[in-house]
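In case you want the letters, here they are:
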Amino acid sequence: MAIYQKPHALEDISMHFCPGCTHGIVHRLVCEVIDEMGIEGDTIGICPVGCSVVSYDYFACDMIEAAHGRAPAVATGVKRSRPDKFVFTYQGDGDLAAIGTCETVHAATRGENITIIFINNTIYGMTGGQMAPTTLPGQVTQTTPFGRDPKVAGYPVMVCEMLSQLTGTAYAERVSVDSPAHINAAKKAIRKGFEVQKNKQGFSIIEVLSTCPTNWGMTPQESMERVRTEMIPYYPLGVYKDITAENK
Amino acid sequence: MANERMLMKGNEALAEAAVRAGCKCYFGYPITPQTEIAAYMSKRMPKCGGVFLQAESEIAAINMVYGAAATGVRAMTSSSSPGISLKSEGISYAAGCDLPCVVVNVQRGGPGLGGIQPAQSDYYLATKAGGHGDFYIPVYAPCSVQEMADYAVKAFDMADKFRTPVMILSDGLLGQMMEPVVFPEITDNEPEKDWACTGHGNKRRHNIINSLYLKPEELEESNRERFKKYEIEKAELPEVETYLTEDAEIVVTGYGASARIVRSAVNAARAEGIKAGMIRPITLWPFPEKAYAETVETAKAYLVVELSMGQMVDDVRLATSCKRPVRFFGRTGGVIHTPAEILAQIKLIAKEELK
Amino acid sequence: MTSEIQLAGFGGQGILFAGKVLAYCGMLADREVSWLPCYGPEMRGGTCNCSVCLSDEPIGSPVVNDPDLLIAMNEPSYTKFIGAVKAGGYAFIDSTLVDSANARDDIHEFRVPATRLADENELKGGANIILIGKLIKETGVISMDDIEAAIRKIVPAKKAQLIENNLRAIKLGYDYTE
Numbered sequence: 001m002a003i004y005q006k007p008h009a010l011e012d013i014s015m016h017f018c019p020g021c022t023h024g025i026v027h028r029l030v031c032e033v034i035d036e037m038g039i040e041g042d043t044i045g046i047c048p049v050g051c052s053v054v055s056y057d058y059f060a061c062d063m064i065e066a067a068h069g070r071a072p073a074v075a076t077g078v079k080r081s082r083p084d085k086f087v088f089t090y091q092g093d094g095d096l097a098a099i100g101t102c103e104t105v106h107a108a109t110r111g112e113n114i115t116i117i118f119i120n121n122t123i124y125g126m127t128g129g130q131m132a133p134t135t136l137p138g139q140v141t142q143t144t145p146f147g148r149d150p151k152v153a154g155y156p157v158m159v160c161e162m163l164s165q166l167t168g169t170a171y172a173e174r175v176s177v178d179s180p181a182h183i184n185a186a187k188k189a190i191r192k193g194f195e196v197q198k199n200k201q202g203f204s205i206i207e208v209l210s211t212c213p214t215n216w217g218m219t220p221q222e223s224m225e226r227v228r229t230e231m232i233p234y235y236p237l238g239v240y241k242d243i244t245a246e247n248k
Numbered sequence: 001m002a003n004e005r006m007l008m009k010g011n012e013a014l015a016e017a018a019v020r021a022g023c024k025c026y027f028g029y030p031i032t033p034q035t036e037i038a039a040y041m042s043k044r045m046p047k048c049g050g051v052f053l054q055a056e057s058e059i060a061a062i063n064m065v066y067g068a069a070a071t072g073v074r075a076m077t078s079s080s081s082p083g084i085s086l087k088s089e090g091i092s093y094a095a096g097c098d099l100p101c102v103v104v105n106v107q108r109g110g111p112g113l114g115g116i117q118p119a120q121s122d123y124y125l126a127t128k129a130g131g132h133g134d135f136y137i138p139v140y141a142p143c144s145v146q147e148m149a150d151y152a153v154k155a156f157d158m159a160d161k162f163r164t165p166v167m168i169l170s171d172g173l174l175g176q177m178m179e180p181v182v183f184p185e186i187t188d189n190e191p192e193k194d195w196a197c198t199g200h201g202n203k204r205r206h207n208i209i210n211s212l213y214l215k216p217e218e219l220e221e222s223n224r225e226r227f228k229k230y231e232i233e234k235a236e237l238p239e240v241e242t243y244l245t246e247d248a249e250i251v252v253t254g255y256g257a258s259a260r261i262v263r264s265a266v267n268a269a270r271a272e273g274i275k276a277g278m279i280r281p282i283t284l285w286p287f288p289e290k291a292y293a294e295t296v297e298t299a300k301a302y303l304v305v306e307l308s309m310g311q312m313v314d315d316v317r318l319a320t321s322c323k324r325p326v327r328f329f330g331r332t333g334g335v336i337h338t339p340a341e342i343l344a345q346i347k348l349i350a351k352e353e354l355k
Numbered sequence: 001m002t003s004e005i006q007l008a009g010f011g012g013q014g015i016l017f018a019g020k021v022l023a024y025c026g027m028l029a030d031r032e033v034s035w036l037p038c039y040g041p042e043m044r045g046g047t048c049n050c051s052v053c054l055s056d057e058p059i060g061s062p063v064v065n066d067p068d069l070l071i072a073m074n075e076p077s078y079t080k081f082i083g084a085v086k087a088g089g090y091a092f093i094d095s096t097l098v099d100s101a102n103a104r105d106d107i108h109e110f111r112v113p114a115t116r117l118a119d120e121n122e123l124k125g126g127a128n129i130i131l132i133g134k135l136i137k138e139t140g141v142i143s144m145d146d147i148e149a150a151i152r153k154i155v156p157a158k159k160a161q162l163i164e165n166n167l168r169a170i171k172l173g174y175d176y177t178e
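Protein chains in written order, with this note's numbering: chain A, 1 to 248; chain B, 1 to 355; chain C, 1 to 178.
It is possible that part of the hints are untrue.
[What the hints assert, rightly or not] Dumping the calculated SDA-like pairs for lysine to any residue here, alpha-carbon to alpha-carbon at most 20 Å:
no. : chain 1 : residue 1 : chain 2 : residue 2
1   : B       : Lys203    : A       : Thr127
2   : C       : Lys86     : C       : Tyr39
3   : B       : Lys215    : A       : Met15
4   : A       : Lys85     : B       : Lys161
5   : A       : Lys85     : B       : Trp195
6   : C       : Lys80     : B       : Asn223
7   : B       : Lys203    : A       : Met37
8   : B       : Lys215    : A       : His8
9   : B       : Lys161    : B       : Asn223
10  : A       : Lys85     : B       : Asn202
11  : B       : Lys24     : A       : Asp84
12  : B       : Lys347    : B       : Arg204
13  : B       : Lys43     : C       : Lys80
14  : A       : Lys6      : A       : Ile39
15  : B       : Lys193    : A       : Pro83
16  : A       : Lys198    : B       : Asn202
17  : C       : Lys20     : B       : Lys24
18  : B       : Lys203    : A       : Asp35
19  : B       : Lys24     : A       : Pro83
20  : A       : Lys85     : B       : Lys24
21  : B       : Lys47     : A       : His16
22  : C       : Lys137    : C       : Ala29
23  : C       : Lys86     : B       : Lys24
24  : A       : Lys200    : B       : Lys43
25  : A       : Lys188    : A       : Met15
26  : C       : Lys153    : B       : Asn223
27  : B       : Lys215    : A       : Thr127
28  : B       : Lys215    : A       : Pro83
29  : B       : Lys275    : B       : Gly310
30  : A       : Lys85     : B       : Arg204
Calculated from the structure, these hints are not laboratory results.
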C-alpha cells in the first residue's frame, strides 16, 4: 500500500509561499518526478529572481541561484560543463518572458538540453503585484491601475506558442494546477520534459498556469476560479511542440 | 612545441595559455579588438575536449561562465570595454558567490560606443566599480604578448586559490600586436572544489551557490568574511616591475601598453642625463602601494601616464600619500602617446620640480 | 640596434603578411620583434598599414612613428608616411602605383615597379615580397637565409607552390636594378 508522503527531493522545511499560491504544488510535482526517475543525485537546479528566489532551500538536489532572467544562460553553462547531469530552471513570468527573454529564446533555439519549469501567474509576485509580460488585457495591477491597456502596455507574451516555432525546442506544453486532473496532467508533462532531456532530444519547457491570491486580491478558491475562467481561455492548455511524437 | 618561441597576437597567446591552464569552457561574443580570442577558442576547444559557445549576448556569456564555474570547471569569457559594462552584473554575482572564473577586457576607447582603438579608460571599472555591491576582484595588467600568456595562467590559479573572479585588463594594442611568446610550464594548481554543484550523487547534502541574504546581519557577516579574504589577497597578490628607480628623481608610472612607451621615454630621458625611472603595476587591484612608498623619499616627482583622462593617478596619489607632486599625462579615445611626448613631460617636470 | 619599419598600402596588397614575414625573420635570428597592425574598418579594403620593430633590446612602444625603413605600396601611403622617415633612412616604393617624385633628399629612396614585375612573372599578389627582396639587398637588416626560413615557416606546407612563388619574388626584388 502506497502512503502519500513528502518526496525525498523536497527538503523538509516550511515554505514561504502565500496561502493558496500554487508554487508549492509545482515544487512537489518536480520533486516527485525527480524521485520517480531516481535522479536527485544527478540533478542541478537553477533558481530565478522572483517568488521562487529561495527555492534553492526547498529542492534537495544541488542548486544555483541565478541573476534575474539569466537562468537559461546559467543552465547552459552548467549543462555544457556537465552534460551527463539533469539541469532544470524554475522561473516566473517576469524572469523568463521579460528581463530574460533573450536568454530563453536563445537557449531554446540552440536546442539546449535543459528543462524549464515556467510559472505563469500573470503578475510580478515578489515585488508586490506589478504588470508581468503575461498580464492579461484589462487586468489591474499595481502598474496598470486602470487595467492593462494593450495600446499602452502591449499584449501578453505567449511563451509556448512563441518557443514552439523554434527548431531547437523539442517539447513545449502548457498545463495548469487548478484541479486534481490538471495536476496529474502537469506532472506527466514535467516528467516528459525530463525524459526528453534524458534522451538528449533538446530544449523542453513546461508552462504552468499558476495563482497569486495575494496580488490578485482574491481568496485561494477565487484564484483557482480565475485560472479556469480567465487564464485558460487566453492561454489554452496543451502540447505545443513534441518532436518525440513527430518522429513516431 | 613546449619551449619554442612562437610569433602570436596577444589575444591568441592569451587564449592558448588559458587552454593550457585547464580552461574547459569559453563563452564569448564578438567585439573588436578582442574577437581573436573567441575565434581562437572556437578552433582550439573542440580539439581538446573543451567547450566553446558563442553566446547571444555579453550578459549571457558571463552567466554561462557563472554556471560552468558553479560546477567547478575553469571557465573564461572575454570582451572589450562596452561588453564589460554588460558583464558587470554577472561579475558582481560571481564575486558574491565566490566563484572562480577569468574575465578578460581588451580595452578600447569610450564612453558609449566610443572607438575601437586601444585605450585604458576602464581602470575604475576594473579596480573600483566592477559591478554593484561591496566587492573587489584581482586585476592583472600584462604589458607584452608573453605576459598575456603568463598572466592568463596565473589568473586561473589565483581565481581558484582565492575563489574569486579575476580580471585580465589588457588593451587593443596588446591584443592585436604580435611578439614572440614561450608558453609557460603548467603546474596543476587546480584544487578540489567540494563546494561545486556537480550533482550530490546521494553522497552529501546539496550544495547551494547563492549570493542572496535576506537578513541584513547575515549579508553583513558574509561581506565581512569576504573582506578578510581581501586582506590576504592584498598581502599576497601585488606584483610590480620597477625600472631604474633606485636613484630616480622622476618616477614615471603606467601599466600595460602605456608602460611600454614609458620605458622608451625613460631610456630617452636617461640618455639626456635626467634621472628618470619607472614603476609598472602588474596587479592593479590590489594596487602595489609598497613600490610607491619605497620611492617616495628619493623621488622628487611622479608622472602618471595612461591612455585615459586619468584614473590610476588617484591610486598613485594615495600610494605616495601626496608627499610629492603627482602629475598626469594621458591620451584618450584611442590615440596612443609617443615616447617623445612623454619625454617632453619628463623634461618639463625636470625644469619645474628639480630645482 | 633597432630597426623600426612601417609598411603601408591598400588592403589586399599583403601589407600585414609582409610585416609578418619581417617579424618572423627577426624572431628566427633570435632578436626582439613586434608586429602591430592597423585594425578596424581600414582592414576592409581601405588603406592599411602595420608597424614592425626588430631590435636587440626589449621593445618599448611597438608603434612606429618615425620609421627607419618604409615600404609604401600606394600613393596615399607614400604621401602620408614619406615625411616621417628618419633622416638617413630607407624607403622602398612600388613605382607601378606611386607617381610622386622623390620627396626627400636626406633618405635613400628605391623605386621598384613591384606590381608590374609581379604581373609579368605570374606572381599575382607578390609585389609586397618583391619590395622586401629589394629591402634585403639594400639594407642587410635581415639575411636571405632568414627570409627563406621565415617564408617556409609561415606558408603552410600543403601550399608548397606559394613557398616557391614567394622565394622567386624575393629574388626578383633582390636582383632588380633601376
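Each hint, compared with the structure:
1. Taken as a hint, the Lys203(B) and Thr127(A) pair is broken in the structure, with Cα atoms around 37 Å apart against an allowance of 20 Å.
2. For the proposed pair Lys86(C) and Tyr39(C), the alpha carbon gap of about 25 Å is over 20 Å, so the pair is violated.
3. Taking the CA atoms of Lys215(B) and Met15(A), the gap is near 16 Å; set against the 20 Å cutoff, the hint holds.
4. The hinted pair formed by Lys85(A) and Lys161(B) fails the criterion: a straight-line CA distance of about 26 Å is larger than 20 Å.
5. Note on Lys85(A) and Trp195(B): the hinted pairing holds, with a Cα-Cα distance of about 17 Å set against a maximum of 20 Å.
6. Taken as a hint, the Lys80(C) and Asn223(B) pair is broken in the structure, with Cα atoms around 56 Å apart against an allowance of 20 Å.
7. Taking the CA atoms of Lys203(B) and Met37(A), the gap is about 17 Å. The hint holds against a cut of 20 Å.
8. A distance of roughly 28 Å separates the Cα atoms of Lys215(B) and His8(A); the hinted pair therefore is violated under the 20 Å criterion.
9. The hinted pair formed by Lys161(B) and Asn223(B) meets the criterion: a straight-line CA distance of about 18 Å does not exceed 20 Å.
10. A C-alpha spacing of about 13 Å is found between Lys85(A) and Asn202(B), which places the hinted pair at or below 20 Å, so the restraint holds.
11. Our distance criterion of 20 Å between C-alpha atoms is met by Lys24(B) and Asp84(A), whose separation comes to about 15 Å.
12. Using a Cα cut-off of 20 Å, the hinted pair Lys347(B) and Arg204(B) is violated, with the two alpha carbons roughly 67 Å apart.
13. About 38 Å separates the Cα atoms of Lys43(B) and Lys80(C), which puts this hinted pair outside 20 Å; it is violated.
14. This hinted pair checks out: Lys6(A) and Ile39(A) have alpha carbons roughly 16 Å apart, not beyond 20 Å.
15. Restraint check for Lys193(B) and Pro83(A): satisfied, since their Cα atoms lie roughly 18 Å apart, inside the 20 Å limit.
16. Between Lys198(A) and Asn202(B), the direct Cα distance comes to roughly 19 Å. Compliance with the 20 Å bound is thereby established for this hinted pair.
17. This hinted pair does not check out: Lys20(C) and Lys24(B) have alpha carbons roughly 31 Å apart, beyond 20 Å.
18. With a C-alpha separation of about 16 Å, the suggested pair Lys203(B) and Asp35(A) falls inside the 20 Å cut-off, and the hint holds.
19. For a cut-off of 20 Å, the pair hint linking Lys24(B) to Pro83(A) stands: about 13 Å separates their Cα positions.
20. For a cut-off of 20 Å, the pair hint linking Lys85(A) to Lys24(B) stands: about 17 Å separates their Cα positions.
21. Taking the CA atoms of Lys47(B) and His16(A), the gap is near 48 Å; set against the 20 Å cutoff, the hint is violated.
22. The straight-line distance between the Cα atoms of Lys137(C) and Ala29(C) is roughly 17 Å, inside the 20 Å bound, and the hint therefore holds.
23. Note on Lys86(C) and Lys24(B): the hinted pairing is violated, with a Cα-Cα distance of about 49 Å set against a maximum of 20 Å.
24. Between Lys200(A) and Lys43(B), the direct Cα distance comes to roughly 25 Å. Violation of the 20 Å bound is thereby established for this hinted pair.
25. Between Lys188(A) and Met15(A), the direct Cα distance comes to roughly 24 Å. Violation of the 20 Å bound is thereby established for this hinted pair.
26. Between Lys153(C) and Asn223(B) the alpha-carbon distance is near 54 Å, which puts this suggested pair outside the 20 Å criterion.
27. Among the hinted pairs, Lys215(B) with Thr127(A) is consistent with the structure: their alpha-carbon atoms are about 17 Å apart, no more than 20 Å.
28. A threshold of 20 Å between alpha carbons decides the hint, and for Lys215(B) with Pro83(A) the separation of about 35 Å lies outside it, so the pair is violated.
29. For the hint linking Lys275(B) to Gly310(B), the alpha-carbon distance of about 24 Å lies beyond 20 Å, and the restraint is violated.
30. At most 20 Å may separate the alpha-carbon atoms for a hinted pair to count; Lys85(A) and Arg204(B) meet this at roughly 16 Å.
Taken one by one, the earlier hints fail for this structure at numbers 1, 2, 4, 6, 8, 12, 13, 17, 21, 23, 24, 25, 26, 28, 29, listed in ascending order.
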